[in-house]
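Enquirer: Turn these sequences into a full structure, and let the hints steer you where they fit.
Protein chains in written order, with numbering that gives the first Met the number 0: chain A, 0 to 657; chain B, 0 to 657.
Just so you know, the hints here were simulated from the structure itself, not pulled from any lab data. You may find that some hints are simply not true.
Stated by the list, open to error - Restricting the straight-line Cα-Cα distance to at most 25 Å, the calculated cross-link-like pairs of lysine to any residue (SDA-like) are: (1) K561(A) with V517(A); (2) K213(A) with R197(B); (3) K649(A) with R197(B); (4) K386(B) with N193(A).
Stated by the list, open to error - Not the full set, but computed from the structure, chain B residues with beta-carbon under 8 Å of chain A: (5) M207; (6) N210; (7) I212; (8) F429; (9) D461; (10) N476; (11) K559; (12) Y622; (13) V631.
Claimed, not checked - Heads up, incomplete: computed chain A residues facing chain B, CB under 7 Å, no partners named: (14) I188; (15) N191; (16) N199; (17) I401; (18) G462; (19) L604; (20) G626.
Cβ atoms here follow ideal geometry from the backbone N, Cα and C, with glycine treated the same way.
Protein chains: 2
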Amino acid sequence: MRLVDKAINYVKAISAETITNAKSGHTGVALGASTILFALFKDHYRFDISDTDFLNRDRFVLSAGHASALYYTLLSMFGFNVSLQDLKDFRKYGSKTPGHPEYHVTDGVEVTTGPLGQGVANAVGMAIAENKLEERFNSVGFKIIDNYVYCLAGDGCLMEGVAQEAISLAGTLKLSKLILLYDSNDVTIDGNLNIANRENVAKKFYSMGWNVIKVRNGNSYSACTKAIAQAKKANKPTVIIFRTTIGIGTQKEGTSAIHGAALSQDELALLKEKLKVKESFYVPNDIRELCMVSARKGKLFHEKWNQQLAIYSSTHPELYKQFTSFFEKKNINYEKILKNESKWAGESLRKINGYVLNEFSKELLQIMGGTADLGPSTFAVIENGGKFSAGNRRGRNIHFGIREHAMGAICNGIALYEDFMVFDSTFLAFANYMMPALKMRAMMNINVMSFFTHDSIAVGEDGPTHQPIEQVSQLRNIIGLKVFRPCDARELVAGYKVSREQNGPISFILTRQGVAPVENTSIEKAANGGYVVYSNSDKPKVVIMASGSEVPLAVEVAEKLKGKKVSVVSMPCQEVFDMQTEAYKEKVIPSGADLYVSIEASNDLSWLKYFKGAGIRVAVDNYQCSGKGDEVYQNAGFESKNIVKLIEKKLSTTKPKK
Amino acid sequence: MRLVDKAINYVKAISAETITNAKSGHTGVALGASTILFALFKDHYRFDISDTDFLNRDRFVLSAGHASALYYTLLSMFGFNVSLQDLKDFRKYGSKTPGHPEYHVTDGVEVTTGPLGQGVANAVGMAIAENKLEERFNSVGFKIIDNYVYCLAGDGCLMEGVAQEAISLAGTLKLSKLILLYDSNDVTIDGNLNIANRENVAKKFYSMGWNVIKVRNGNSYSACTKAIAQAKKANKPTVIIFRTTIGIGTQKEGTSAIHGAALSQDELALLKEKLKVKESFYVPNDIRELCMVSARKGKLFHEKWNQQLAIYSSTHPELYKQFTSFFEKKNINYEKILKNESKWAGESLRKINGYVLNEFSKELLQIMGGTADLGPSTFAVIENGGKFSAGNRRGRNIHFGIREHAMGAICNGIALYEDFMVFDSTFLAFANYMMPALKMRAMMNINVMSFFTHDSIAVGEDGPTHQPIEQVSQLRNIIGLKVFRPCDARELVAGYKVSREQNGPISFILTRQGVAPVENTSIEKAANGGYVVYSNSDKPKVVIMASGSEVPLAVEVAEKLKGKKVSVVSMPCQEVFDMQTEAYKEKVIPSGADLYVSIEASNDLSWLKYFKGAGIRVAVDNYQCSGKGDEVYQNAGFESKNIVKLIEKKLSTTKPKK
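Expert: See below:
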């Protein structure tokens with residue numbers, strides 16, 4: 000037996016035993032895709048185990064996240080910081096080998112995966128990022144950036160719409176560094192793939208501008224490694240269709256029964272016998288050495304790259320300077336961003352954001368992003384930034400097409416590649432198309448900004464399908480996502496500040512309509528999430544809270560509440576406010592008021608958590624009809640007279656507190 | 000000029016003027032797709048304006064919902080209950096011609112559209128429903144059901160993942176009655192389509208098993224009508240690629256500037272001059288008569304169909320009986336469904352739902368549905384129901400593949416076709432993949448059931464990507480969607496009862512893990528949404544509320560709170576509870592308690608609305624790690640001892656109420 004074949008047998012045995020030991024996991028893909036991934040790791044995947052964050056490393060995305068046991072086994076064998084003991088702790092509470100790969104938990108893992116299809120789109124994002132830097136910094140004789148992005152996907156990933164959207168865009172953009180390893184075993188949980196899917200996958204990829212390579216025997220090491228070598232030469236993205244057998248070597252091979260099951264001890268013993276592996280969780284020295292050859296090759300590459308960079312610094316001093324400062328967290332004078340603020344008064348927040356984004360984009364070259372075909376509507380466009388395209392890798396504006404879900408997941412990939420300040424943008428009503436991508440970026444705590452415009456029922460004539468009512472709430476429900484709904488330019492800039500100073504994703508919620516200017520707002524205060532913008536007493540009896548376009552309305556209401564002690568809290572970001580000290584929060588929303596009022600054109604109930612006594616929630620609890628924005632807004636009760644009446648009525652029935 | 004060409008000119012002029020008059024709307028597609036839709040309405044679309052709900056009518060879905068002005072113009076001209084005055088009221092508050100087509104608002108409109116891509120998947124669902132009934136009830140010489148499903152989609156719809164998922168499934172299922180009219184104008188909001196999409200659409204459809212027809216001139220009536228006639232003969236789904244010009248006839252034709260804009264009065268005048276239309280909102284008699292020929296043809300068809308059905312009733316009495324009773328709301332003895340209840344005690348709710356679904360499916364033949372490749376895991380499978388496939392139209396189980404979003408939108412289409420009791424199913428963690436479809440069904444108030452299983456962090460080893468934490472809350476945020484999280488078989492059956500007795504969609508939230516039986520639950524009481532299952536006093540001082548698997552835990556906590564007056568409220572469905580009388584609600588959750596406690600393994604804040612004083616929310620506010628279900632659940636605080644401690648601590652700091 001060749002050493003490589005012996006090694007693959009050990010990969011299979013250890014992966015299967017890892018699952019059996021945990022009594023939980025997915026044996027099917029762990030065995031079926033083992034040859035593909037071993038060939039990748041051994042011969043192609045460029046990594047440096049002594050510096051796994053090395054910028055010009057290859058990226059690998061396990062889109063089929065349920066192949067985690069196989070992945071951990073390979074990481075362990077190739078010298079990443081994953082021990083055999085970690086494999087024994089697979090899927091145990093608190094281990095670094097969780098059920099699906101998790102970013103920041105396991106050395107070498109580039110992205111959290113599990114929800115199918117996401118990884119394919121993440122990989123497209125990484126390939127965009129790679130291409131961008133390659134074009135920006137490489138020069139004749141200097142390949143500063145030239146890594147590949149590999150992604151393992153199964154039948155499941157490829158059925159998902161998010162993957163299809165991303166694949167279509169990747170073909171359009173001719174992302175030649177992207178190599179999709181398709182583990183084609185024709186078996187899913189429900190049984191044979193053809194009950195749900197009879198496409199000609201190769202032809203489908205061709206139609207989308209991809210290079211297609213077919214490997215008839217995905218269990219042959221030589222065939223796998225040859226195919227990957229060939230893919231690397233293509234001038235467009237490549238899918239390699241590896242024909243494999245799910246759960247190969249087990250008694251249930253080729254059937255859905257092996258997909259999500261652990262082998263019993265007896266079944267495992269039979270498999271190991273077949274594989275000629277006697278030991279448990281053990282890697283023989285010859286195999287370890289084989290793997291270390293690849294690991295050393297990666298380390299050596301990194302060293303040579305460092306040398307190359309040193310030469311580059313003297314031959315291309317200007318480029319080198321740009322390169323090393325590209326991802327720098329530059330100090331920004333936020334007040335200066337607002338230099339034209341007075342000219343923006345009364346404009347819509349989407350438009351103001353267009354100005355603000357462009358101010359930042361002048362300072363921070365790492366800003367890039369795009370919209371789901373709504374540039375002229377959301378204004379999230381970098382002027383003179385150019386279109387990112389097959390012919391223009393320098394472009395800073397990505398035209399995602401009408402593909403919100405892929406847009407979200409692709410931006411995750413760009414942020415994962417390196418610390419770009421990346422943004423996506425669509426109407427708030429369509430944020431629900433990209434919910435899974437938003438959740439994944441929150442879970443990974445990566446820096447992606449969303450600009451969601453047309454942020455309330457005030458969108459008007461487009462009607463209820465375009466009215467975001469539940470979206471603000473749905474976004475706030477995502478743990479780790481900051482939802483920032485500014486009332487003016489100052490608060491908007493505060494959101495950028497928060498985004499830059501704290502890690503994690505942020506979603507800006509921006510009006511379509513012009514908004515009245517608000518007094519007493521400030522960047523510094525708004526960066527606390529919530530603060531008082533109006534008050535006629537130290538001990539207000541009525542505390543009104545609002546966000547975005549409802550803040551000026553709240554102030555109007557306060558001013559009309561004659562003879563009442565009132566304060567108005569502008570709350571652009573609950574998540575940030577909730578992180579403040581108890582003392583600060585108590586100062587902004589004091590206990591002991593007679594009435595707490597929230598005003599927000601959404602159906603979010605989260606305001607209730609700030610009510611420290613009787614309360615009124617002015618909200619949108621029903622779909623509204625199509626009509627002029629103002630009319631819809633006012634008919635839904637967002638009108639100062641109406642709210643004053645509600646407050647006065649409630650106060651008359653509420654016992655005043657001492 | 001031929002009369003048809005004159006008619007199309009009027010369609011264009013009226014559509015454009017409708018938009019100009021409203022100063023809002025999408026002139027581009029209204030003009031560009033006018034010839035296609037006029038040809039469809041005149042020569043192919045089968046409808047009866049005197050009975051627009053006629054079962055065997057064709058279905059038309061305007062997936063490109065922004066073409067609403069064109070659609071309303073055609074509905075008006077062909078005799079539907081849409082007047083020229085209604086066109087003048089386009090997009091006005093409360094009119095029956097809203098910004099995008101809305102189901103139940105406008106005569107003839109089959110489905111609410113606007114969010115792109117949804118309509119394509121809805122149409123696939125309608126074609127499944129048609130096929131199912133066709134196979135079930137047609138007999139030699141009797142075409143009881145033989146209608147077509149037409150769908151107009153643009154470049155935007157086809158980029159959306161939800162459409163791509165549905166298209167792939169439609170090809171697999173060979174849905175020959177489905178005809179997709181693709182308005183291919185190569186222009187989107189951001190500009191030329193090729194900046195975001197360079198696929199070969201025809202080849203892509205071929206690869207997915209579709210019939211493809213190309214119409215080079217989509218502005219030629221003869222070419223359009225011929226292509227549709229040809230499509231009707233295919234034995235697989237057909238896409239007709241009509242090459243059109245966005246905003247044809249205007250000065251901005253062929254550019255994105257005309258996409259979402261209204262023409263100015265001057266531009267409109269120029270267009271009308273070109274079209275030789277002098278009047279405003281006027282249909283000349285010869286055109287009106289031309290349209291009425293089609294309308295009368297439809298009415299005649301319906302009459303003949305009635306005659307055919309009368310003959311069928313005597314030649315095929317058994318089939319006729321089945322046909323007329325197929326959608327009947329049969330009386331169900333809900334208690335009888337539970338005849339095996341005792342055997343199910345302690346099983347998981349997903350498994351119990353498998354039993355319950357099958358009991359109902361025996362009684363109600365209109366039940367059909369499926370899962371996103373998770374049949375063996377969610378148990379939402381009709382035993383002996385067969386697989387719905389190209390070869391077996393009788394199958395009741397649809398294998399959607401790993402395409403959650405399309406699944407949701409396809410089920411909407413099935414429910415829209417006629418009153419099937421249709422269900423979809425996946426893990427709760429992946430409900431976010433189908434959020435837009437869930438919103439659309441809620442907005443349309445149609446009857447679709449979802450079975451979302453693996454409903455909390457107790458899913459265990461699969462880890463945080465598979466832990467639904469925010470999903471229950473996100474679903475509850477959708478206005479009009481009932482979220483039903485039962486604690487046992489009785490409550491589960493109550494959910495079916497609610498679903499059958501009240502209109503609108505429902506999502507069942509079901510455990511992966513076995514649940515302890517709960518005393519005092521009942522179908523009748525649970526059908527009120529919330530009710531008391533445990534109480535040791537008429538005037539409880541501690542009111543504990545919970546749903547699903549947390550109900551037995553709540554009872555355990557109550558029993559451990561020695562010497563305290565406690566009640567436990569099981570709240571399977573907040574939406575239904577909220578509809579009860581104030582008196583009922585006050586009885587279940589009385590004012591005046593010292594403490595209100597909610598226990599639910601989600602991060603939902605909606606429980607706060609039931610706190611009538613001091614409260615404790617036992618919830619999941621962070622992602623949990625991968626590990627054994629029990630362990631994760633308990634470590635997150637879902638453990639009676641811990642909760643008792645929290646309650647006692649809080650009580651000791653809370654002033655008791657009189």
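Enquirer: Hint by hint, which ones does this structure get wrong, listed from lowest number up?
Expert: 3, 6, 7, 11, 15
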